[in-house]
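> Okay, here's what each chain looks like letter by letter:
Number of protein chains: 2
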Amino acid sequence: MVNGTSSPAQGAQRTVISVDAMGGDRGPAAVVAGLVDSARSDSDIAFLLHGDEAVLRPMIARHTELAGRCEIRHAARVVTMNDKPSQVMRNGEGTSMWSAIDAVKAGEAGAVVSCGNTGALMALSMIRLRKLPGVNRPAIACLWPSRNPGGFNVMLDVGADIKAEAEDFLQYATMGAAYARNGLNLKRPRVGLLNVGTEEHKGRAELKLAFDRMAAAEEAAGYEFVGFVEGGDIPSDRVDVIVTDGFTGNIALKTGEGTAKLIADLLKEAFGAGLLSKFAALLALNSLKRLQKRIDPRRVNGGVFLGLNGTVVKSHGSADATGVAAAIRLAAQLARSGFLDRLAARVASAGRAGQDAAVNGSGQQE
Amino acid sequence: MVNGTSSPAQGAQRTVISVDAMGGDRGPAAVVAGLVDSARSDSDIAFLLHGDEAVLRPMIARHTELAGRCEIRHAARVVTMNDKPSQVMRNGEGTSMWSAIDAVKAGEAGAVVSCGNTGALMALSMIRLRKLPGVNRPAIACLWPSRNPGGFNVMLDVGADIKAEAEDFLQYATMGAAYARNGLNLKRPRVGLLNVGTEEHKGRAELKLAFDRMAAAEEAAGYEFVGFVEGGDIPSDRVDVIVTDGFTGNIALKTGEGTAKLIADLLKEAFGAGLLSKFAALLALNSLKRLQKRIDPRRVNGGVFLGLNGTVVKSHGSADATGVAAAIRLAAQLARSGFLDRLAARVASAGRAGQDAAVNGSGQQE
Chain B
1 MVNGTSSPAQ GAQRTVISVD AMGGDRGPAA VVAGLVDSAR SDSDIAFLLH GDEAVLRPMI
61 ARHTELAGRC EIRHAARVVT MNDKPSQVMR NGEGTSMWSA IDAVKAGEAG AVVSCGNTGA
121 LMALSMIRLR KLPGVNRPAI ACLWPSRNPG GFNVMLDVGA DIKAEAEDFL QYATMGAAYA
181 RNGLNLKRPR VGLLNVGTEE HKGRAELKLA FDRMAAAEEA AGYEFVGFVE GGDIPSDRVD
241 VIVTDGFTGN IALKTGEGTA KLIADLLKEA FGAGLLSKFA ALLALNSLKR LQKRIDPRRV
301 NGGVFLGLNG TVVKSHGSAD ATGVAAAIRL AAQLARSGFL DRLAARVASA GRAGQDAAVN
361 GSGQQE
Chain S
1 MVNGTSSPAQ GAQRTVISVD AMGGDRGPAA VVAGLVDSAR SDSDIAFLLH GDEAVLRPMI
61 ARHTELAGRC EIRHAARVVT MNDKPSQVMR NGEGTSMWSA IDAVKAGEAG AVVSCGNTGA
121 LMALSMIRLR KLPGVNRPAI ACLWPSRNPG GFNVMLDVGA DIKAEAEDFL QYATMGAAYA
181 RNGLNLKRPR VGLLNVGTEE HKGRAELKLA FDRMAAAEEA AGYEFVGFVE GGDIPSDRVD
241 VIVTDGFTGN IALKTGEGTA KLIADLLKEA FGAGLLSKFA ALLALNSLKR LQKRIDPRRV
301 NGGVFLGLNG TVVKSHGSAD ATGVAAAIRL AAQLARSGFL DRLAARVASA GRAGQDAAVN
361 GSGQQE
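These protein sequence lines map, in sequence, to chains B and S. By our numbering, the letter at position 200 of the first sequence is numbered 200, and the numbering carries on one by one without gaps. By our numbering, the letter at position 115 of the second sequence is numbered 115, and the numbering carries on one by one without gaps.
Incorrect hints may have been included.
[Said to hold, decoys possible] Example chain S residues on the side facing chain B (calculated, C-beta under 10 Å, incomplete):
#1 Arg62
#2 Trp144
#3 Ser146
#4 Lys163
#5 Arg204
#6 Asn250
#7 Thr255
#8 Ile263
These aren't lab readings, by the way, just hints derived from the structure by calculation. Glycine included, every Cβ here is placed at the ideal spot set by N, Cα and C.
Just chain B, with the same shape it has in the complex (with noise of 0.2 Å):
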């Protein structure tokens, strides 16, 4: 445990975090909350918050941890759950989430967290940042509790357009795997592309298009292609990026995510039934914490935006003190790791070698 560690030397190394403190659905309490959890396991971290100063001065006077490493940034106007991307992205200067955007843009910070609107968020990105040079559609990517050693796989797009083409299909992968080689240290990630079976023949047009040019760009992109894969493989150890379009990855991480909570609560209910099973649920406790962390959401909260000039951790909306922390680790992670240069230069590579296999036409189809 490291606190307080706030000489301006050491403080000249920190990595800097620009984090959105308001719009989560538990207010800014929650956000400073995870700030203090961050700074304590992290000495090497510091913060830029944007929000109400008003309200966030006394919040973090409160905290001797954030002491010299949290500089408020006051914003008057916050982005509600409901306000429609399309609105904030016309006006929505002088909110926190803008404010926490733009620190990123000037490069005062490495990354940027926000808990808020997941629509806006990527909008107001995509207008301040812009995206990165060759990439048509940026990508939201999600990690997935696996059977891999590292317990974890990355979907992407869970959610940033509800469509995507051939080409977007291979940026996605290059992205995923990018992230998987620097969120996940993996060397040479596996990359499979989502369809409803693993023969070559079935599936949508653009999905055969996309496998062509997915293995054409194999080297280029640093990854090794596995191809098709069901959603059955999505928690499996058969690959480690899973990629597929926004509107059915979004669709199959809530399915997952409902899935495992209707699961958890069954399992409450079949332990809080009887005096047996109470006495059984107390001799088990870590054994059911164990598997409750391994599948906890919250400690894998972090939607990355991959595609763009700067990196963007958007964290559950209800995300506590424990959710907010890991988005944060997991900025750190990818700002510390040069992950966003890296990217750029496999996003460039791999798209020529993708178009040559589409120029030549050397195709897989039926």
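For chain B, the structure is supplied; the task is to place chain S on it using the hints.
Same frame as chain B, but now just chain S:
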């Protein structure tokens, strides 16, 4: 328990189910074991069993429960899991699958059950039974463990087709509601349309069109339309029938199954580690068994093909006796309820109502 009630007088009232004995992963022995289970628990059921007579005859003879209640129809050929649907359509005559479907076509059986190749079963069902008048795309409906009092929701399409237009979604809604009325005994099922958000302005264009038609056909189709639902609502008590295209539905189904399997395995692991945990698991055995029973995919085994002139139940390829018996129970319930005639009437009247909405253009679009 009832067994051996084989007098011809009773046999005359029996519900006859046509069963494809071949093509499942576990071979005909698992299918025959399922017949035995079904015969024991349902004295009013009889079977037409299709497959290799030399193999089936001695298997049937061993079980007194099946005496006088199981007629074998010899079919020399088998559709394998690797056969392509297009090939089976051309050359499928003489297979046990073809023969099993034809018994329904000829009116000899009230429904057909097969553990074989899904694509081939759908293709053969289409050409032998033909689509119901007014149905454009038949669908596969599955049951999904849920928080509803009955314990299950219906989702369709989970893989008959990879795309769907606005009018298809309306037909799925109508057919799914009819299935929920007759299969889950719900008077006025609540129907939701799967999307990436519940706001009306979100999602693909065909979903916005479908939204209007499904709302307009509420009365004619006999359901309550709850609007858009998300992936997390699939196992919820907000809705009874979830309508989606076959691509998305298949991914959601397999993602849910994969997630449940992962958690079950982690749970086993957690209770296997350490003596105290093992002891607790023993104490909690009944609780854990109750939970397992609740989410056991074998108990809800049976995808139903909707929109054909005949009831077809697709059992999991890997189904064991319990799984096959569940599929047969479902087939018998649908055969007895007069489901097919009612469904045909609903499709006709809902189609007219949805068409009126399209013509009048009383749109909810932005």
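> Each of the hints needs a verdict: does it hold here or not?
Structure-based check of all given hints:
{"no.": "1", "hint": "Arg62", "verdict": "violated, 36 Å"}
{"no.": "2", "hint": "Trp144", "verdict": "holds, 9 Å"}
{"no.": "3", "hint": "Ser146", "verdict": "holds, 8 Å"}
{"no.": "4", "hint": "Lys163", "verdict": "holds, 7 Å"}
{"no.": "5", "hint": "Arg204", "verdict": "holds, 6 Å"}
{"no.": "6", "hint": "Asn250", "verdict": "holds, 4 Å"}
{"no.": "7", "hint": "Thr255", "verdict": "holds, 4 Å"}
{"no.": "8", "hint": "Ile263", "verdict": "holds, 5 Å"}
Checked against the numbered hints above, the structure violates only hint 1.
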